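Peer 1: Each protein sequence line maps, in turn, to chains A and B.
As numbered in the numbering used here, the first sequence has no gaps in its residue numbers, which increase by one up to the final residue, 811.
As numbered in the numbering used here, the second sequence has no gaps in its residue numbers, which increase by one up to the final residue, 1331.
Calculated directly from the structure, the hints in this document are not laboratory data.
Keep in mind that a hint or two might mislead.
What the hints assert, rightly or not - Here are a few chain A residues that face chain B, going by a calculated C-beta distance under 8 angstroms:
(1) Lys-30
(2) Phe-50
(3) Val-700
(4) Leu-704
(5) Glu-707
(6) Lys-720
Stated by the list, open to error - Here are the simulated DSSO-like cross-link-like pairs (lysine-lysine), alpha carbons at most 30 angstroms apart as the crow flies:
(7) Lys-84/A x Lys-42/A
(8) Lys-1226/B x Lys-42/A
(9) Lys-1174/B x Lys-84/A
Computed from a predicted structure; not experimentally measured.
For glycine and all other residues, C-beta sits at the position ideal for the given N, C-alpha and C.
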Amino acid sequence: MTNSWTDIKNTDLVVVMGGNAAEAHPCGFKWVTEAKANRGAKLIVVDPRFTRTASVADYYAPIRPGSDIAFLMGLINWMIQNDKVQWDYVRNFTNAGLIVRDDFGWNDGLFTGYDPEKRDYDKTSWDYVIGDDGFAQVDMTLEHPRCVWSLLKEHVSRYTPELVEQVCGTPRDRFLKIAEMIGECSAPDRTMTSMYALGWTQHSKGAQNIRGMAMLQLILGNIGVRGGGMNALRGHSNIQGLTDIGLMSNLIPGYLNIPTESEPDWQTYMSSRRFTPLRPGQTSYWQNYPKFMVSFMKAMWGDAATAENDWAYDYLPKLDVPTYDILRMFELMDAGQVNLYFCQGFNPLLSFPNRAKVTSALSRLKLLVVMDPLATETAHFWENHGAHNDVDTASIQTEVLELPSTCFAEDDGALVNSGRWLQWHWSAATPPGQARHDTWIMAQIFLRVKKLYQEEGGVFPDPILNLTWDYADPDEPSPEELAKEMNGRALEDVRDPADPTRVLTARGKQLLNFSQYRDDGTTMGACWIYSGCWNEEGNNMARRDNTDPDDTGAYPNWTFSWPLNRRILYNRASADMQGRPWDPSRKLLEWDGTKWTGYDVPDIAPTARPEEVGPFIMNQEGVSRLFTRGMMRDGPFPTHMEPFESPLANVFNPQMRGNPVARVFASDAEQFATSEEFPIAATSYRLTEHFHYWTKHNRVNAALQPEFFVEISEELAAEKGIQRGGWVRVWSKRGEVRAKALVTGRLKPMQCGDKLVHVIGIPLHWGFMGAARKGFGPNSLTPFVGDANVETPEFKAFLVNIEPATGEAVS
Amino acid sequence: MTTDPNLDSPRTAVSNPPVQPTRANLGPGDLIRSSATPDLPPPTRQLTPVAKLIDVSKCIGCKACQSACAEWNDTYPEVEENVGIYENPHDLTPDMFTLMRFSEYENPQTGDFEWLIRKDGCMHCADPGCLKACPAPGAIVQYSNGIVDFIHENCIGCGYCVTGCPFDIPRISKTDHLAYKCTLCSDRVAVGQGPACAKACPTQAIVFGTKEDMLAHAETRVEDLKSRGYDNAGIYDPQGVGGAHVFYVLHHADQPALYSGLPEEPRISSVVEGWKGPTKALGLAAIGVAAVGSVLHGLMTRANKVSAEDETQAEQLVEGREPPLRPETEV
């Protein structure tokens, strides 16, 4: 989230699209209720199904799964056509005026530079015109034909309300009503918030869905303000922490990068990370990258990381592919190229696409280790459970070890919520049976591996042998120690650069925050963005002061919000070019003539003059990006792409399937279906009664939603002869499920041009373990393909068929 | 708002309980009615009337109330089948005192589809039909704060409360043959806490406090709904049962039946009203004789069947039709 849960109470308009906040985030949704009840805010829901969020909305519109970009570009087009633009914001706080190269263009659904062989773009043309002074050229009148604004205007002009209706199946009057409601929020004193989740991410163009809304929010002037923002509703408790800490194959904590093979040495690695400002006088805060990186290396390897050995750069793995994401790992596993798989705290058999492939892949392992508080389906993938897991146990040779771990209520530590708050919590119960903390288990494995290297040597034992492991109890690092390590510590006296006689933090003390990180090896810190969470003032994550001066929703002394306890990112953009709040009634920051003051920690240098330094300090331009240059694989603007399995051909290019640059493995391409074979669009989702595949182990939750079902329209039920509460068989090109039929008026066929598209809804939550009735997950059906930029699987749009079935599946 | 031990009833369900043990603040001296107890002594004091307000326009149907209810009351609702609806369990049961009911509605005025979700459960009527119908002394009681409670030690499982209830709420357990329903968490209220469902509700669609405060709050909610185009928004606090200590804010207060058959004008069956007259003593005597005899078990199982006929009448009441007049002696 750019903002926080509590800030949602400040909004005038909530748009829930690409998510289902009331069902999937019921506790956070209370802030929508607050905004509605106390501010008279309105709620819009756009979703293929009339959800429980829609049941409390002021306005609802249906949308065909996987067509969100067309809807969002349609909205941007409508805003431009109807002058619903916050001009001062767009002119000064976005890259609307920057000039783009002449050779950039878009045609037939593709941007310039497409190579169908490589399924990739040559992105050279997707860039600014750089002047002789080294800065991007700009036309502040926004009239230059090659400025970003002119190109955007042309790009979105194709997305008329008629096209939106044809592609999205959204009735034109519903689309126009929503456009009008949103358009009101272009006024400086009206704000809209976007709440989204997996409904946008789980597509082969998920990142572009989110960019579409981010661009709309920028055009309306709604980023960096109270009641505005792009608010990603994170699913798992602490999934925000997972990304922050960099539990991705290509990330280092704090959104730094694992090097690639093309960066064999430190100098090469740093040369592409200079982040030189692209406009005069801009902050470009990532110029501090070396400080964060060196402090991380010192946290990892201490004295073994020196200036002479480039901070032990050789210890870091170098990626030979962009990522070892879950799809690639299971592809490799299925090809017999993985021997051992450690599965910590998730359930791939039900969570990863194309379950048949997942089962086949797991069956090719030599050893599977599952660390989990629950007996998961993955740990029992080799057990035959009739139709619900019809495997030939005798033919599976994988050895499976289950290591029972603790759950959130059985340990101390911080959980990071969607609003970036690190909230410390304390254990409430003693772990049952043989369950141990994950840290204990990991420490035991590490110490044993280290001992093997010590005794037997190896090709390159240094990274293991030199890893810093200075915990009071080496067998179990404590959450306090790990948190302090992430905050960072002074290895030598840290001095004020402006006055070297002044010691800011003495050697051995906790750093105040990441402004004290150094690139000369005198500081260590494992996750720069968290710095400040546990400094010499103590554990700031454990703070529980819920005072909120002037009821702004900031709650500045409640736990710790990264970065620097800042509650709203880009908050300098809440004030105009003179530093006056756009909306005096919703003041966040204000320039007092010499410095920024207000309710939040300024997201800019405190004395940076408002007319000189742009608010988007992380960007080299100092402004936000309506045009992202070559930073995304599938285009500098979002362009409509169909799902890989779609009932319609792409309206711009009928030959183009899915996202033209998404990675597709050969065997999976053969398993993509056409709408001739499988005419019905399907989407997957969660229900409020359950959390993923966990709560089916709990009897009360199981009673509240006991059995797997699919949701279908009354029209489709009539056409197929399906009875409410009867059994149906749903199948795709990859597998089949049996479910109860929930026939409802909340799903309706959608008229997309001359084609009537039926949509069915397939909830997850059921498997063959736990207290609920045995069932299936949608992953038995879904295609094995992910987002072109981040590889999130396409769970939200695929093709199936459905027919009535008799009797329960045998189990 | 914090829990004030000096108040006679909690003013909110939001606050956390006091750390110190609290003495129960509901006792025999607070009873204003007790089933089949004509000689109940007058209450020693008058408690502030309390109420639970259910604002269906804020309800997201998450069932946290159902979950909290089962957890607090330590009941074990069955893991049933899905029969093609969102209601789970499918109906109120002796182990599920509250239930989210879902109904789909195409609004002919606006052309909009609506999904109306209502938390169903005991209304805690000011004039409780269950209590009036109950032949077992002290099995159903009403406190001066308005809570209607079942006292299971005194319950004989006859099922007359089911007949007496205009909202079809009590359920008879097949295991212990006793009647069960929402207690308005009288055990929590007695120690200064609001009901578990209200405490768990994430959107404060369920709120708890004095009846007066809740009515005032409900008025503001009706105003908000009217500003959003729900011209017929209003409060459902049926006067046919003397008003209730659980009441609703509805978007369509003119059509309560839209909300999974909420009765238009609920009132106690005339049969039950008759039962409270002189015939009640006769009936009680008959039951007493039977109970003393060796056919206790037979009576309990039979009682459920005996009530079927009366249930038909109750259903007719729910549908808004007048039940056929029957001579009082038939009861």
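Peer 1: Against this structure, judge whether each hint is valid.
Peer 2: Hints, verified against the model:
no., hint, in the structure
1, Lys-30, "holds (5 angstroms)"
2, Phe-50, "holds (6 angstroms)"
3, Val-700, "holds (5 angstroms)"
4, Leu-704, "holds (5 angstroms)"
5, Glu-707, "holds (4 angstroms)"
6, Lys-720, "violated (14 angstroms)"
7, Lys-84/A x Lys-42/A, "holds (18 angstroms)"
8, Lys-1226/B x Lys-42/A, "holds (13 angstroms)"
9, Lys-1174/B x Lys-84/A, "violated (64 angstroms)"
Checked against the numbered hints given earlier, this structure breaks hints 6 and 9; the rest are met.
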